[in-house]
Amino acid sequence: MSIITLTTDFGLEDEYAGVMKGVILSIHPGATIVDITHHIHPQDLIEAAHTIETSYKYFPSGTVHIVVVDPGVGGERPIIALEKSGHFFLAPDNGVLSLLLDDMGIDSIVHVKNNRYFLKSVSQTFHGRDIFAPVGAHMSMGVHINNLGDVIEDNHVVRLNLIKPTQSGNGITGQIISIDRFGNLITNIGGKHLENICRSSNDKPVDIRVGRKKIAGLSDNYENSKDQEPLAIVGSRGTLEIAVNKGSAQKYFMAKRGDTINVRI
Amino acid sequence: MSIITLTTDFGLEDEYAGVMKGVILSIHPGATIVDITHHIHPQDLIEAAHTIETSYKYFPSGTVHIVVVDPGVGGERPIIALEKSGHFFLAPDNGVLSLLLDDMGIDSIVHVKNNRYFLKSVSQTFHGRDIFAPVGAHMSMGVHINNLGDVIEDNHVVRLNLIKPTQSGNGITGQIISIDRFGNLITNIGGKHLENICRSSNDKPVDIRVGRKKIAGLSDNYENSKDQEPLAIVGSRGTLEIAVNKGSAQKYFMAKRGDTINVRI
Amino acid sequence: MSIITLTTDFGLEDEYAGVMKGVILSIHPGATIVDITHHIHPQDLIEAAHTIETSYKYFPSGTVHIVVVDPGVGGERPIIALEKSGHFFLAPDNGVLSLLLDDMGIDSIVHVKNNRYFLKSVSQTFHGRDIFAPVGAHMSMGVHINNLGDVIEDNHVVRLNLIKPTQSGNGITGQIISIDRFGNLITNIGGKHLENICRSSNDKPVDIRVGRKKIAGLSDNYENSKDQEPLAIVGSRGTLEIAVNKGSAQKYFMAKRGDTINVRI
Numbered sequence: 006m007s008i009i010t011l012t013t014d015f016g017l018e019d020e021y022a023g024v025m026k027g028v029i030l031s032i033h034p035g036a037t038i039v040d041i042t043h044h045i046h047p048q049d050l051i052e053a054a055h056t057i058e059t060s061y062k063y064f065p066s067g068t069v070h071i072v073v074v075d076p077g078v079g080g081e082r083p084i085i086a087l088e089k090s091g092h093f094f095l096a097p098d099n100g101v102l103s104l105l106l107d108d109m110g111i112d113s114i115v116h117v118k119n120n121r122y123f124l125k126s127v128s129q130t131f132h133g134r135d136i137f138a139p140v141g142a143h144m145s146m147g148v149h150i151n152n153l154g155d156v157i158e159d160n161h162v163v164r165l166n167l168i169k170p171t172q173s174g175n176g177i178t179g180q181i182i183s184i185d186r187f188g189n190l191i192t193n194i195g196g197k198h199l200e201n202i203c204r205s206s207n208d209k210p211v212d213i214r215v216g217r218k219k220i221a222g223l224s225d226n227y228e229n230s231k232d233q234e235p236l237a238i239v240g241s242r243g244t245l246e247i248a249v250n251k252g253s254a255q256k257y258f259m260a261k262r263g264d265t266i267n268v269r270i
Numbered sequence: 006m007s008i009i010t011l012t013t014d015f016g017l018e019d020e021y022a023g024v025m026k027g028v029i030l031s032i033h034p035g036a037t038i039v040d041i042t043h044h045i046h047p048q049d050l051i052e053a054a055h056t057i058e059t060s061y062k063y064f065p066s067g068t069v070h071i072v073v074v075d076p077g078v079g080g081e082r083p084i085i086a087l088e089k090s091g092h093f094f095l096a097p098d099n100g101v102l103s104l105l106l107d108d109m110g111i112d113s114i115v116h117v118k119n120n121r122y123f124l125k126s127v128s129q130t131f132h133g134r135d136i137f138a139p140v141g142a143h144m145s146m147g148v149h150i151n152n153l154g155d156v157i158e159d160n161h162v163v164r165l166n167l168i169k170p171t172q173s174g175n176g177i178t179g180q181i182i183s184i185d186r187f188g189n190l191i192t193n194i195g196g197k198h199l200e201n202i203c204r205s206s207n208d209k210p211v212d213i214r215v216g217r218k219k220i221a222g223l224s225d226n227y228e229n230s231k232d233q234e235p236l237a238i239v240g241s242r243g244t245l246e247i248a249v250n251k252g253s254a255q256k257y258f259m260a261k262r263g264d265t266i267n268v269r270i
Numbered sequence: 006m007s008i009i010t011l012t013t014d015f016g017l018e019d020e021y022a023g024v025m026k027g028v029i030l031s032i033h034p035g036a037t038i039v040d041i042t043h044h045i046h047p048q049d050l051i052e053a054a055h056t057i058e059t060s061y062k063y064f065p066s067g068t069v070h071i072v073v074v075d076p077g078v079g080g081e082r083p084i085i086a087l088e089k090s091g092h093f094f095l096a097p098d099n100g101v102l103s104l105l106l107d108d109m110g111i112d113s114i115v116h117v118k119n120n121r122y123f124l125k126s127v128s129q130t131f132h133g134r135d136i137f138a139p140v141g142a143h144m145s146m147g148v149h150i151n152n153l154g155d156v157i158e159d160n161h162v163v164r165l166n167l168i169k170p171t172q173s174g175n176g177i178t179g180q181i182i183s184i185d186r187f188g189n190l191i192t193n194i195g196g197k198h199l200e201n202i203c204r205s206s207n208d209k210p211v212d213i214r215v216g217r218k219k220i221a222g223l224s225d226n227y228e229n230s231k232d233q234e235p236l237a238i239v240g241s242r243g244t245l246e247i248a249v250n251k252g253s254a255q256k257y258f259m260a261k262r263g264d265t266i267n268v269r270i
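Chains as they are written, first to last, in my numbering: chain A, 6 to 270; chain B, 6 to 270; chain C, 6 to 270.
Hints are all accurate, no fakes.
One copy or two, it doesn't matter: identical chains are merged, so the pair holds either way.
Within a straight-line C-alpha distance of at most 30 angstroms, the following computed DSS-like cross-link-like pairs (lysine-lysine) qualify: (1) 261 with 169; (2) 118 with 62; (3) 251 with 125; (4) 261 with 231; (5) 251 with 261; (6) 125 with 197; (7) 231 with 209; (8) 169 with 125; (9) 197 with 62; (10) 118 with 197; (11) 219 with 256; (12) 118 with 231; (13) 125 with 62; (14) 251 with 118; (15) 62 with 169; (16) 197 with 231; (17) 256 with 169.
Simulated from the structure, these hints should not be mistaken for lab results.
Could you build the full structure based on these sequences and the hints that come with them?
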């Protein structure tokens, strides 16, 4: 079992993801390669950071996760490899692994510099093919990350300046961090956080406000809502999601990423 | 050989399909996972029913087919597993397997309830990850479907109310059930049905009408048609398709799913 | 190790690519199938020719590359299989493999006719499923291409009439042959060609003109350019690419495929 996941902003229209797989299989023919997604919005580090953080834990221990969202390709930005809770990660040092650093369990981080694991010829524009794919293939074959370059401290890793939800007396203010294919609005307000608020308010009902519109209370499932009616639910990432039953919350609220969500008691 | 196919409306923009694969490989590392498509229109049970029915037979016997188009996720709708002609299917009990039930060869159907095959924590919004992926992985490892829950009769399974072609004295009326990437209009009028009509009419020529426009006769291939001219052909699903040679029938006829197609002699 | 790559214009919305994989795995359960892309623009032979030529060399020797962009499906156009530098190719004889023929190293070419390697029933509209997938599967199991049909000479293979860059006294004129997801303009002007021009001009600066706009000189990487500024660079295919740092050159220049690019000294 050697699984490699890919999370990129390459899309599937071009040959880029396919070529990365060719390089991986040339080095490690037995690798199982899984696309998490290639549809990160171009150069959107925040979206990629949330995607890898929410996804990796559903793969088996030992998986190598390659994340290539890399506006600085060909420039001076380093590449990092890290081990965390039995998973291995490889990405540009541009903050895309920020959310992994917030938790416990980072075992080792290195700056990847050892070009014996790169393709012989390294282009200035496609490190996904020339560095990330071959290094990830070698990692999946058991090359220890300490062989890839110099060990660094985790406070030397670039972190994104992610906006976190803020709590005030009678509520919490967060953001839409992603909108999925169904038009569901995925927020950064944690489900446990919400439950704590509800509990401390003696189970007083909560209101969720999206723009000028209001949703009364959290739902347990979609089924008790009328068709085309909005609802608030703790979604699959464990955070507050706004949905419209058999419709699109994106259209209903004319919402976009970055919009503010308020929870009030 | 243990193949699992996925047919969903999750799209590929989000991490949903990738995460399902992580769950499957965590349970069954040797599984070969094939995407039939993740681009079913959101919650379109009819499109999904046609897609799985037309696709499954090209996979080897023993394949597990997971279909997740599931507007009732988290609610009371059951989940069913069934065996048919050596293939195994897992889907919500919402009609999405309807077209399989029309044929012979259903060996067993169960309501899936045995949560020892689920993930430990089951969300209200993503049963693809928490139930379908792990149950399908166990099925591909040889768990018999009778171990998944209670056997039910096939007349207890939800069926879609699919519109079938109607035959009148001098013709047949059907529908566009799908439009593919090339703009081909795929109908529900069976190729054998058409041949029977032609034969019983002593090979009189047939007209195919799409809206107010008319196509004279069935073609054997694209080659004998002029570029940008429409033609009618028995397509890859074995049903009547309307195409435009080196063009798009969708644009030519300004057609949409559900539009009526008439065949007249 | 038996790898099969797929390059088609089928898209991923329909079941076509998934069904081809089912057919392949029915014949060769151990095959590893990699999508190079299914998003070739419908029936765009030139785009497909560039895609397979730029991609195949990153896969291991022994890989079978299936290319299905096939406007003549069901008609008289033959199907060819060829071996080149240890790689195997299968495609309609419509020019889609043209760029492979320009180089050295073609070992053998055949017209594929032996229907014992086809599905039993061959439709008029989906040879991807009925011929290309099963023949490619057999090739990946070691069937020699000479068993697939009659050997032909390479001057009997259909070639595309590809426009090549033209050189005049003080410059070179090429074309945009592809625009990728990031809006990068990929040209047919070879990087080595450019370097030769620069060298023969005693390292005089070069201007690259896209429409009425001008870029001064070649960049080594994106990093030295300002955000939203255009730059010219030798890209991942080894040809001149026009990019906009953290933006889209397609939007910046309002460019489309086929547009002219001029390099002047």
